[in-house]
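Here the structure of chain A is known, so what remains is to put chains B and C in place on it, guided by the hints.
For reference, the chains in residue letters:
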Amino acid sequence: MLKTICKRLGLLVLTLLLVTALAFFAFSIIPGDPTDTILGLEATEQQVAALRAELGLDLPLPVRYFRWLGDFLRGDLGVSYNFDIPVTDLLAGRIAPTFTLTLMAAVLIVLFSIPLGLLAARYEGGWIDRILTVINQIAMSVPNFVMGISLVFLFGLVLHWFQPGGYVSPESGLGSYLWFMLFPSLAVALPKSAMTIKMLRGSVLTELTADYIRTAYSKGNSRASALWRHVLRNAMIPVVTFLATTIAELVAGSIVVEQVFAIPGLGQMLISSISNRDYPVVQAIIVLVAFVVVLCNFLADALYRVMDPRLKGR
Amino acid sequence: MKKRNWYLTFGSVLTACMLVFIALGFFWTPYDPGALSARDKLAEPSLQHLFGCDQLGRDVFSRTLNGAGNTLIIALAVLAVGFVFGLLIGALCGYYGGAVDATVMRVCDAITAFPSILLAMVVIAIIGPGTYNIIAALGILFIPSFARLVRGEFIKYRSRDFVHSARLAGVPAMRIIFVHILPNTWPVLLSGLTIGFNNAVLSEASMSFLGIGVGPADASLGRMLSEGQSSLFSAPWCTLFPALVVILLVLGVGMVGEGIRERIR
Amino acid sequence: MPKVFKRVLLLLTVASLLLISLCGCAGDTDNGKKDPSSAQSDELSDGSSVTVGIAQDLDSLDPHRALNAGTSEVMFNIFEGLMKASPDGGVIPAVASDYEISPDGKTYTFTLREGVTFHNGNAVTLEDVLYSLKRCAGSESDGTPLIAAFSNVADIAADDRGRVVITLTEPSLEFLNATTAAIIPQGTGDSQATAPVGTGPFSFVSYMPQNSMEMVRYEGYWGTAPKLEKVTFKIITDVNTLVMGLNGGTLDMVIHLPNTVAAEVQNNFTVLEDTMKLVQALYINNSVKPFDDVRVRQAMYYAINVPEIIDFVCDGAGVPTGTSMYPAFTKYFVPELAHKYQQDLTKAKKLLADAGYPNGFEMTITVPGNYEQHVDTGLVLSQQLAAIGITANVQEVAWETWVSDVYKGSQFEGTVSGIAASNMTAREMLERYTTGHSKNFIKFSNQEFDDVVSRAMTTMDMDEQVTLYKRAQEILNEQAASLWLQDLCDLVVMDPKLDGMTFYATYVLDMSTIYYK
Chain A
125 MLKTICKRLG LLVLTLLLVT ALAFFAFSII PGDPTDTILG LEATEQQVAA
175 LRAELGLDLP LPVRYFRWLG DFLRGDLGVS YNFDIPVTDL LAGRIAPTFT
225 LTLMAAVLIV LFSIPLGLLA ARYEGGWIDR ILTVINQIAM SVPNFVMGIS
275 LVFLFGLVLH WFQPGGYVSP ESGLGSYLWF MLFPSLAVAL PKSAMTIKML
325 RGSVLTELTA DYIRTAYSKG NSRASALWRH VLRNAMIPVV TFLATTIAEL
375 VAGSIVVEQV FAIPGLGQML ISSISNRDYP VVQAIIVLVA FVVVLCNFLA
425 DALYRVMDPR LKGR
Chain B
1384 MKKRNWYLTF GSVLTACMLV FIALGFFWTP YDPGALSARD KLAEPSLQHL
1434 FGCDQLGRDV FSRTLNGAGN TLIIALAVLA VGFVFGLLIG ALCGYYGGAV
1484 DATVMRVCDA ITAFPSILLA MVVIAIIGPG TYNIIAALGI LFIPSFARLV
1534 RGEFIKYRSR DFVHSARLAG VPAMRIIFVH ILPNTWPVLL SGLTIGFNNA
1584 VLSEASMSFL GIGVGPADAS LGRMLSEGQS SLFSAPWCTL FPALVVILLV
1634 LGVGMVGEGI RERIR
Chain C
-3 MPKVFKRVLL LLTVASLLLI SLCGCAGDTD NGKKDPSSAQ SDELSDGSSV
47 TVGIAQDLDS LDPHRALNAG TSEVMFNIFE GLMKASPDGG VIPAVASDYE
97 ISPDGKTYTF TLREGVTFHN GNAVTLEDVL YSLKRCAGSE SDGTPLIAAF
147 SNVADIAADD RGRVVITLTE PSLEFLNATT AAIIPQGTGD SQATAPVGTG
197 PFSFVSYMPQ NSMEMVRYEG YWGTAPKLEK VTFKIITDVN TLVMGLNGGT
247 LDMVIHLPNT VAAEVQNNFT VLEDTMKLVQ ALYINNSVKP FDDVRVRQAM
297 YYAINVPEII DFVCDGAGVP TGTSMYPAFT KYFVPELAHK YQQDLTKAKK
347 LLADAGYPNG FEMTITVPGN YEQHVDTGLV LSQQLAAIGI TANVQEVAWE
397 TWVSDVYKGS QFEGTVSGIA ASNMTAREML ERYTTGHSKN FIKFSNQEFD
447 DVVSRAMTTM DMDEQVTLYK RAQEILNEQA ASLWLQDLCD LVVMDPKLDG
497 MTFYATYVLD MSTIYYK
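Chains as they are written, first to last, in our numbering: chain A, 125 to 438; chain B, 1384 to 1648; chain C, -3 to 513.
Take every hint as true, because none was put in to throw you off.
Label pairs and their calculated CB-CB ranges: (1) B/R1387 / A/H284: 41 to 47 Å; (2) C/Q443 / A/L193: 54 to 60 Å; (3) C/T342 / A/E169: 52 to 58 Å; (4) C/S56 / A/L227: 36 to 42 Å; (5) B/V1562 / A/L193: 46 to 52 Å; (6) B/A1418 / C/I97: 54 to 60 Å; (7) A/V187 / C/F499: 55 to 61 Å; (8) A/L193 / B/R1387: 55 to 61 Å; (9) A/H284 / C/T342: 52 to 58 Å; (10) C/P323 / B/P1428: 36 to 42 Å; (11) C/G496 / A/E169: 54 to 60 Å; (12) A/H284 / B/A1418: 36 to 42 Å.
Chain B is faced by these chain A residues, among others (derived, beta-carbon under 7 Å): (13) F269; (14) L281; (15) E373; (16) V375; (17) V406.
None of these hints come from the bench; they were simulated from the model.
Small disclaimer: the values here were computed from a predicted structure and weren't measured.
From the three backbone atoms N, C-alpha and C, an ideal C-beta is built for every residue, glycine too.
Just chain A, same shape as in the assembly (with noise of 0.2 Å):
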């Protein structure tokens, strides 16, 4: 068991060096210099060879990268071309609201995929089924942000139960910011769930033809109890990792609804950067969401190998 830990652990190291590299090559494969944001296009040889060596861009890459990722770890993310001030300055109070947005995705897609799932599983072929492929299948098809349109119409310019654009920051009110955060969660989440809901349904259709179901029901078990009984545990597997894969287009998915909401999170900060070719900020963002996305993939891991037995030797 621990060697297993050390090794998943050993893995996820490797995968952050992995994307931190890929994040840290990209932007220095960049054609010009940061030296000529900084100093102008009329700056002597001399000025940008000075700054170049005060910024450390006359070392070799590997250096930079390793120098680059110790600040990066002390939580030092660079200086934004810009506004001349640090990133973490930049992004500090706006990291909150996006990842919120993520989590509450995330719950939202839990809560409605399970009871949902079982129940088309439980009547399969029934009329609830078929009501539930429907809708499930157009869910699917509506772009997230599409639906975040959508939501701001009818909840908030029909029927008025929360301001669009009106968003409330953590600090004046924790219960009208997650109120708040409801809707654009909501936009995240709908389409996810009705995936998820479809990959349950399946994954609970495949266990019920399994042969210790079948043995269940031999001993005389009704459907709900096998369902709920041995079924359910099984099934969850595939719904785990599916929702982990998921995490990355969850936090993609906020940083677009953000848009539509009016949210002052990392994705307004992210596209004006990339407008502005603020370097820094947006491989600040990157790496920052691509280590979220990845230690999110390691708990699913860990909770995915809690859950299945089988795995443990693995």
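Relative to the frame of chain A, chains B and C by itself:
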């Protein structure tokens, strides 16, 4: 008794309708999709303007046709780039296996761990915006998922008898890969293509929605949705119709994919 | 192992209960807030805090280094010069209480006002004023004036009566307007960019790039105290977000809102109309081919239809200018120039053919994407130019990129934007197009124009000055240095409970007169 494949039937009909609708836009639109008209600013849907007009008096129907066409072309181009390279990489890795395969797959894993649209944004940040750059950015990012899919199929077939006997008969490897194995993988690849297509449509729409896609003069469904949002209450038609087109297109193709998967089962 | 399973279920149940209960509580509080105005009054129970949406980030908090009109517009509330702008376009004494101009126009003498204090509580001293003025003139740094008009300054000194005496190299009728440059405490030049300190009615609290700037009422203000206690400027570059912010109650006021979205807010807000006090134009880079040929520029000018543009982006409420001057400059504005180029496609095509482009050419119009007015104008221009075979591609860039590439770097072919005057002098709008001027981003170069402007700047005869500046404007128009379009309509949208908005003849937002009814 063969159950009727409703997915495939409905999906094909819907997709065909959408394609006819979009194809129409390539040859004919009621108005020039870029033509501005001060008189028709935010005009309501009417017989002259079926879907109404946007904030610059452009005909939403024409723009929707044109925008859907642009989105379709971008999505197909992205799919072509991702599919061709993914196929080559996946086929070779799957057929030969070994250390190269392991390395390539690790890199693919690392890339697919990222949200694709975020990566596309990074590529755009580096190479700048524009239609071709979007195709390149999204195309590259679609390679790993196709490579994985194709590789999986090739691993499944490479130890089959017909491959062994072909190899013993001295058939060149390339011929085995493309003539013997590839045709068997079509159903799976086709269903993968439908998923890829939908992802490409959604990614393009999202990027244009965020303002880092096509330019302000080009019609794009994503951009129309973003522009329409500022007059959501006073002129909902600017948002409604492009949204419907995206949804129906994705729904149709998604159902075709589902139908294909059902048939494989 | 069913234990694990149970635990997972338990966790899910707890999580869902938690979520539901949270929604429940939030839902309750929400019921009381259904009406947006009541939500606002809760928040503003002190009745005196306002959040204003602005579309453009501040380029520098340092008043002498800020370049963008959008920055000085806002910082007007924090800083004051010896003089300050008055709504009618003139200047009134601020840190100075009185001034005197010598008959030869070379010596300006200012008497300092008693009882003016900085936001740090210290009284404004003669040393502070001398320091500030010298900093503007560049003598605190490498000698390059931080404020262009100060290049004419020969000496800054105090006289024996404690007055400030500014001596000019060349006589100038307009220098008084330049003394609106901010007065800051001695020695704070380097810290102004992070912690601005001035003498204005509001004092700076905090600034977060891409996010917001906060200021509060300065209780020690020498003049009429503002009624608002706190003003927060929210930087929102996306027009959708601005509209949603208004409707959602996070913004009480938005300045420069595009006409196209007015319909979305007019039911619940007071919409005030004015013009922006700037010149919107298709600015053309005169140094690149084919735009270095005057015939090409004139052809373009004849190809476009300015009234139609004004209809599109301003519902007809913009005012055509025809040159680099806007109507608020009543003394210098030449209304006839606005109609010099009437759309005439035959003439345009002929000019283009004479210049060697009978089939037109392709060009890029760069527009700052945070201003929908400019983006839309670009699209309309592109359609109009197509009539003479010019394919104009509209390319959107972020504001910061626009400033660095287009405005500072002159890396563009054509661009739609607005140029405002930082003080109410004709010089401010015209000198920038003299050959080699640092702000001459369109790289216009014309001998006669240079001569006329330099004579206008130094003459002491008011009538002659007006004539000369008018002539300079004619040259800009004749040469089609750029396609001068209009002074854009300006919409200020605010909470119906707010009042007291004062429109200035310059690009200024005065928050000190705004109050809750």
